[in-house]
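Taken in order, these protein sequences are the chains called A and B.
Taking our numbering as reference, the numbering of the first sequence is continuous, increasing by one, and the terminal residue is 146.
Taking our numbering as reference, the numbering of the second sequence is continuous, increasing by one, and the terminal residue is 714.
These are calculated hints, taken from the structure and not from any lab test.
Remember, it's a predicted structure, so these values are computed and weren't measured experimentally.
Virtual Cβ for every residue (Gly too), placed ideally from N, Cα, C.
Please note that the accuracy of each hint is not assured.
As the list claims (entries may be wrong) - So, partial list: chain A residues that the calculated Cβ filter (under 7 Å) puts toward chain B:
(1) G36
(2) A75
(3) V105
(4) L109
To be verified - From chain A, some residues computed to sit far from chain B (all C-beta separations above 12 Å):
(5) L10
(6) H134
(7) T142
(8) Q143
Stated by the list, open to error - Heads up, incomplete: computed chain B residues facing chain A, CB under 7 Å, no partners named:
(9) L454
(10) G604
(11) H608
Chain by chain, the residues:
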Amino acid sequence: MGLVAGRVLVAGEGGGPLLRLDEPISFWGGVDPVSGTIADPRHANFGTSIAGTVLAVPSAVGSSSSSAIMLELLREGTAPAAILLGHADAILSLGVIVGEELGYAGIPILEMPVGELVSFPQGVQLHVSPEGIVTQASS
Amino acid sequence: MTLELTDYERSLIGGSQGDATAMAMRILVSAAELVGAGELVEIRSAHIDGCLHHGDGGVEFAERLADGGGRVAVDTTLNVGALDLLHPDKVRAGAHKTAMARRQMDAYVRMGAEPTFTCAPYQIGHLPDVGEQVAWGESNAIAFVNSVLGARTERYGDFLDACCALTGRAPLHGLHLEENRAATVVVDASHVPSELKARDVFYPVLGTWLGLEVGRDIAAIVGLPAATTRDQLKALGAAAASTGAVALFHVVGVTPEAATLDAATHGQVPGRTVALTAEMLRGSLARLSTAGQGGRVDAVAVGSPHFSIGEFEHLVRLVSGRRLAVPFYACTARGTLLALEEQGDAEVLREAGVEIIVDTCVVVTPILPASGGVLMTNSGKFAHYGPSNTGYEVLYGSLEDCVDSAVAGRALSSPEVWAW
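For reference, chain A alone in the conformation it holds in the complex:
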C-alpha cells in the first residue's frame, strides 16, 4: 500500500482511522477540550470526534489558545492519535511539547502535503512512525 513521508514537527508514534478535514480548523472554539468533538457548528465536520484519529487538516487557524486545547485533549485522553498538517503550526505542536513536559503521553505531528493522502480512503487505519512515515496499517 501507499506510503508517504512528512516532516516531523513533534516526534512520536501513533495510529488510528484517518479523519481528513477539507476545511482548516481552530482547536480553540472549534474542538471541545473534554470530549474531543468538533464543536463549531459552521465547520463541515461539526459533531465528528477527532479522538484517537489520524487527523489530517490543511491548516490550523485562529486563536493562539489552541495549544491549551491540545494540552487538555492530551490530559483527557481525547486527543487525536496523530496530526498531519498541510502547513506547519507551532501552536498545536507546542501543546504537545508542554504535555510531554508535564508527563502526559504525547502524539506525533507531521507537516505534509495533505493532498498526498487522497490515495487513502477516509477511515482507513493509518500508522505514523517516529521518523514521520505514514503507512496503512496491515489488517
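Assemble chain B onto chain A, guided by the hints.
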C-alpha cells in the same frame, strides 16, 4: 538550521535561574527548533495568554512554573482569565472550575506578571515601540502589536508566551525578522464608498473577509481613510485573526510600516492584488450572523477585544436616558473600568442597564443567561466564536443597532449603510 544558544541561554537550561526557568527554556528551545530558528532574540515585553482556564492542564503548567520559583524577566501583562475577579457573582461556574480558574490567574501573578487580565493590553499602556521585539499571545493582540504598533512578535500560544516572559527570549523567526514583514497581497478598498469606510461597522466585516481570503499571507490594504482609528484597526485585526491566521496586515498611509505601498511591500512586486467588491463584503457580513434579521434579541455583548475608553464614550452617548430591555454586557479591562468610574460614565451605563464585565468576557466565560437565544454584537470576534462557545445564535450589527435592538428587545438593523 541548527539552533545556536548563547552561554547565558545554555546556563538557563542548566538551571542557573532555577527549575522553572529551566523548564521554560527547554520548551522554548523545542519550539525554536520546531520553527527552524537559528537563534533566540532578546525581547522587551510579553503578553501572556495563559490565564484562561480551558481545563486543569493549564493550571498544572502555570503552577509548575510558579512553584518552581519562576519570575518574569521582562514587563509582562496578562490576558483575560475565566473569572470576573471584581464581580465574581456574575460568572456561572461550578466550584471546581472557579477554584481552578482562580489558581491559574494567581499563578501568573505570583510570577510577577501584572494582573491586567485584558485581551487589549495596548489600551492600558502596554505600547511597545516600532521595531521593538516582543512576545505576545492572544490573536487580536498579536495582530494589533504587529500591525498597528509596528512592534515584532510571532503568534505565540498560551505556553510559549509564558516561556518567553520567564526567559526574556523568543525564537528569532517569522515576523521577528524584517524580511518576513513585507506585504505580498494588495487589497484595494478604494472603491468601497467612503461613507461606509467611515463607519465602525465596516471594519469587522473587512477583517472577516481578510482572514478568510488572505489567511497567513500579509496584506497591504490601500484606500482606507487616513483617519482610520485605532479602534477600527483593532476590530479589523480581531476579526481577521478569528477567521484566518492573520498576525500582521498593513494599511497604507495609516500603519507604521506602510507609509507608502512601496514601503509595505519592501519595494517588491506583490504576488496578487484583490479589489474589494460589494459581493465580497456582503458574503462576509452574512457569515457574521447565524440568526435571522427582525427576530428577537435576548442579549447584547460588546467588547471583544475589550472596549476602549473611546468606545465606552460612544456607548454612553447612545444609551444616555434610555433603558435597555435585554441584558447588555460590555467587556473591558479593570483599568478601563477604573477610568470610567472616575469620569462618571460607569454610573450612566449602569443606570441604562449596561453590565460592565472585567478581567474576562462573555464568550470565554459563562456569563450570558443560560436560557440561550439570540446574542447581538458589534464584534466580529464575538460573532465568529459566539455560536460554538456560548450556544447562542448571533446577530452582527453596528453599536447603534445593538443599542436600538436592546432597547426594543428585537433585532433592528440598518441595511442601508451597506448600500453600494
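Note to self: According to the definition I'm using, a residue is off the interface if its beta carbon is farther than 12 Å from all beta carbons of the partner; does H134 of chain A meet that for chain B?
What the structure shows: Given a closest Cβ separation of 23 Å, the condition holds.
Notebook entry, point to check: Per the stated criterion, does the least C-beta distance between T142 of chain A and chain B lie above 12 Å, as a non-interface residue requires?
Noted result: With a cut-off of 12 Å, T142 of chain A remains clear of chain B, as the shortest Cβ separation is near 24 Å.
Margin query: If I take the minimum Cβ distance from L10 of chain A to any residue of chain B, is it greater than 12 Å?
Written below: Check passes; 24 Å lies beyond 12 Å.
Notebook entry, point to check: Was the hint right that V105 of chain A lines chain B, CB cutoff 7 Å?
Noted result: Interface hint status for V105 of chain A: holds (5 Å vs cutoff 7 Å).
Check: When you look at the beta carbon of Q143 of chain A, is every beta carbon of chain B farther off than 12 Å?
Finding: Per Cβ check, Q143 of chain A is outside 12 Å of chain B; nearest 27 Å; holds.
Checklist line | Proposed interface contact between G604 of chain B and chain A, which counts if any beta carbon pair is under 7 Å | finding: Result: violated, 25 Å to nearest chain A Cβ.
Next item on the list: Report holds or violated for the interface hint on H608 of chain B, using the least CB-CB distance to chain A and a cut-off of 7 Å.
Entry: 26 Å, violated
Item checked: Closest C-beta approach of L454 of chain B to chain A relative to 7 Å, hint status -> Because about 5 Å separates L454 of chain B from the closest Cβ in chain A, which is inside the 7 Å limit, the hint holds.
Next item on the list: Go through the hint on A75 of chain A and say holds or violated, using the shortest Cβ distance to chain B against 7 Å.
Entry: 4 Å, holds
Notebook entry, point to check: Per the CB criterion, is L109 of chain A less than 7 Å away from chain B?
Noted result: 6 Å, holds
Checklist line | Interface hint status, G36 of chain A versus chain B (Cβ within 7 Å) | finding: Holds, about 5 Å.
The structure fails to meet hints 10, 11 from the earlier list, while all remaining hints are met.
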